[in-house]
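Use the sequences and the hints to build the structure in full.
2 protein chains.
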Amino acid sequence: MAPGTRQPTIKEVAASAGVSPMTVSRTLAGGVNVRPDLQAKVLAAVKELGYFRNENARSLRPGQASGLIGVAITNLGNPYYGNFALGVEEVAAKHGKRIVLGNTGEDCGREAQLVADFIGRQVEGLVVVPSGGAAEHLRADRLGDTPIVLASRQVAGLDVDTVLLDDVGGAYQGTLSLLESGHTRIGFLGNVPSVSTGQRRYIGYEKALAERGISPDARLIQRDQQDVEAARSAMERLLDLPDAPTAIFSANNRNTIGALKEIGRRIRSGAGATGFPAIVSFDSFELSEMMPVPVTVIDSDARQLGREAAELLFARLQAADSHGPSRMIELPVTVSMADR
Amino acid sequence: MAPGTRQPTIKEVAASAGVSPMTVSRTLAGGVNVRPDLQAKVLAAVKELGYFRNENARSLRPGQASGLIGVAITNLGNPYYGNFALGVEEVAAKHGKRIVLGNTGEDCGREAQLVADFIGRQVEGLVVVPSGGAAEHLRADRLGDTPIVLASRQVAGLDVDTVLLDDVGGAYQGTLSLLESGHTRIGFLGNVPSVSTGQRRYIGYEKALAERGISPDARLIQRDQQDVEAARSAMERLLDLPDAPTAIFSANNRNTIGALKEIGRRIRSGAGATGFPAIVSFDSFELSEMMPVPVTVIDSDARQLGREAAELLFARLQAADSHGPSRMIELPVTVSMADR
Chain R
1 MAPGTRQPTI
11 KEVAASAGVS
21 PMTVSRTLAG
31 GVNVRPDLQA
41 KVLAAVKELG
51 YFRNENARSL
61 RPGQASGLIG
71 VAITNLGNPY
81 YGNFALGVEE
91 VAAKHGKRIV
101 LGNTGEDCGR
111 EAQLVADFIG
121 RQVEGLVVVP
131 SGGAAEHLRA
141 DRLGDTPIVL
151 ASRQVAGLDV
161 DTVLLDDVGG
171 AYQGTLSLLE
181 SGHTRIGFLG
191 NVPSVSTGQR
201 RYIGYEKALA
211 ERGISPDARL
221 IQRDQQDVEA
231 ARSAMERLLD
241 LPDAPTAIFS
251 ANNRNTIGAL
261 KEIGRRIRSG
271 AGATGFPAIV
281 SFDSFELSEM
291 MPVPVTVIDS
301 DARQLGREAA
311 ELLFARLQAA
321 DSHGPSRMIE
331 LPVTVSMADR
Chain D
1 MAPGTRQPTI
11 KEVAASAGVS
21 PMTVSRTLAG
31 GVNVRPDLQA
41 KVLAAVKELG
51 YFRNENARSL
61 RPGQASGLIG
71 VAITNLGNPY
81 YGNFALGVEE
91 VAAKHGKRIV
101 LGNTGEDCGR
111 EAQLVADFIG
121 RQVEGLVVVP
131 SGGAAEHLRA
141 DRLGDTPIVL
151 ASRQVAGLDV
161 DTVLLDDVGG
171 AYQGTLSLLE
181 SGHTRIGFLG
191 NVPSVSTGQR
201 RYIGYEKALA
211 ERGISPDARL
221 IQRDQQDVEA
231 ARSAMERLLD
241 LPDAPTAIFS
251 ANNRNTIGAL
261 KEIGRRIRSG
271 AGATGFPAIV
281 SFDSFELSEM
291 MPVPVTVIDS
301 DARQLGREAA
311 ELLFARLQAA
321 DSHGPSRMIE
331 LPVTVSMADR
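Note that the protein sequences, when read in sequence, are chains R and D.
Sequence positions in the first sequence follow full-length UniProt numbering and run 1 to 340.
Sequence positions in the second sequence follow full-length UniProt numbering and run 1 to 340.
It should be emphasised that the hints constitute simulated quantities derived from the structure, not laboratory data.
This list has only true hints and no planted wrong ones.
For identical chains, the list gives no copy identity; a pair is met inside one copy or between any two copies.
Lysine to any residue pairs mimicking SDA-like chemistry, simulated, CA-CA at most 25 angstroms apart:
no. : residue 1 : residue 2
1   : Lys94     : Asp107
2   : Lys11     : Leu138
3   : Lys11     : Asp141
Quick caveat: nothing in here was measured; it's all calculated off a predicted structure.
Right, dumping it as structure tokens:
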């Protein structure tokens with residue numbers, strides 16, 4: 001604010017807009033249950049009078065809240081997490097809250113720092129996609145009673161509300177679809193086992209193989225690729241095996257992209273477009289239907305994952321049982337067979 | 001905080017970690033210029049003692065700041081904007097600030113509400129990718145002197161710091177590459193002209209055609225697609241023309257994906273994989289090298305765009321000339337010819 005500027009009151013804004021002060025508050029809190037035409041009048045008056053709601057002032061009165069929800073994700077550059085954040089924001093806005101977003105880059109230290117910073121800003125709650133490393137900093141007793149919800153990944157020994165995908169079931173179904181097509185040598189591309197999705201999806205893969213009496217072949221299993229280039233080179237190793245896999249189960253989006261890039265590289269260098277492994281990919285990606293090999297996609301709704309995580313958080317913030325036992329939700333996934 | 005919990009002081013944390021109070025502050029502010037091992041000690045002590053820095057309390061003393069930068073983007077589900085936000089966050093963190101992120105969904109009303117809300121939270125500055133609609137709510141005199149930087153798109157009549165891509169130059173070069181390959185009937189797929197990138201990229205397309213004495217054929221120009229499905233059906237119309245274009249200039253990522261989806265649909269329904277237009281795409285996308293038609297990509301660094309926007313903002317926040325004339329930066333783009 002410019003020094004000396006006098007703050008108009010909410011009543012003055014309401015009078016100027018011809019609405020109630022409550023309508024002004026609701027509009028500035030996100031507009032829930034306020035007719036668009038009234039919201040427009042309020043915003044016009046807010047601009048006309050230069051009224052600014054002082055969230056921080058409100059947050060400082062004892063017992064008052066910051067109006068912020070801290071959200072920590074591992075990779076904002078991955079559209080999956082962008083859509084996840086949209087889901088959290090959508091639910092937060094319904095409650096008149098905003099999200100403060102931070103990116104951990106899969107780094108446990110950054111995650112600890114980010115969470116400490118969020119707590120310092122008195123966020124009302126935390127939604128965290130854990131990096132998978134040490135997680136003492138996520139323990140409830142370290143958060144000053146700020147509620148936390150973990151999303152997408154769980155953390156061993158951390159007993160807090162968690163929303164996961166049906167990782168095991170999805171990986172099981174996807175792998176089974178390859179076995180049913182007659183494949184017996186099925187490679188596995190995944191992220192580090194310390195990340196629970198990597199471990200859970202591997203379990204689903206193993207489970208499907210076991211049902212057919214197939215024990216995993218260590219040479220076909222590559223499970224520590226955290227980025228596309230590492231995944232491409234893991235795929236290169238698999239394709240170069242004397243007895244290469246005829247199909248690939250890829251445990252996430254980054255590994256699938258890397259595997260496909262290696263196939264593309266070989267096709268462009270004249271390898272011919274046939275004879276490459278079929279791929280089952282956990283996580284969808286755009287243009288999957290355009291690939292030179294059939295790609296079966298195990299899909300989930302990232303935005304819904306964000307919504308569910310936020311709903312769990314607000315249930316904690318509002319419920320009488322704010323200290324009740326922690327909840328675990330598993331969201332379903334869909335398997336879409338490659339259409340060829 | 002749990003009621004009655006006593007807050008340890010920053011000095012107690014410093015003593016416990018065996019560092020200076022300044023090192024504690026720096027670590028909690030993002031860790032700039034603090035050795036990782038010292039950061040670890042500080043975070044351990046913070047966790048041990050349950051110390052929480054109270055940003056809001058600090059922000060409330062007169063002249064103190066909220067420590068927040070408001071960032072409004074149009075589509076968080078688009079990885080381009082996710083990476084853009086990462087760039088803003090990266091620079092903000094260097095200054096010990098966090099970003100509050102909001103998504104406008106290309107909706108001008110939501111943008112106005114989001115900005116009003118940010119101002120209400122006393123953000124120290126705003127970085128906005130404008131929706132392209134009415135923008136009175138972005139005028140400096142409406143923001144209570146909170147500095148604002150526009151990114152990716154400019155707003156007519158809004159004289160504020162702006163970071164753009166070289167839209168005209170990139171579109172010109174991309175279209176020229178098609179003309180040089182002998183194409184004369186080049187279709188245009190783009191977003192609404194009210195969005196400055198759509199308009200600027202169209203100008204570059206027209207400029208290249210004009211140099212070859214070609215006047216744009218209205219039937220080849222589709223420029224109001226805001227999502228992939230609208231783009232796919234626009235491409236369908238172009239391909240169904242009696243005299244269909246032999247090449248396509250696509251003004252953004254969403255239009256390129258839609259155009260490729262229509263080509264894929266026709267190939268899968270037996271159209272054969274040849275005879276489709278070559279594509280030049282403004283904005284890159286993953287696996288562009290795997291497409292059934294050659295795709296030339298006009299690429300830009302989304303993260304750098306975010307960094308530059310944030311740097312302009314912090315220059316305003318710190319510079320003596322905080323009220324100096326507004327700056328306009330154009331970032332270069334790179335044209336990568338399809339490798340076939």
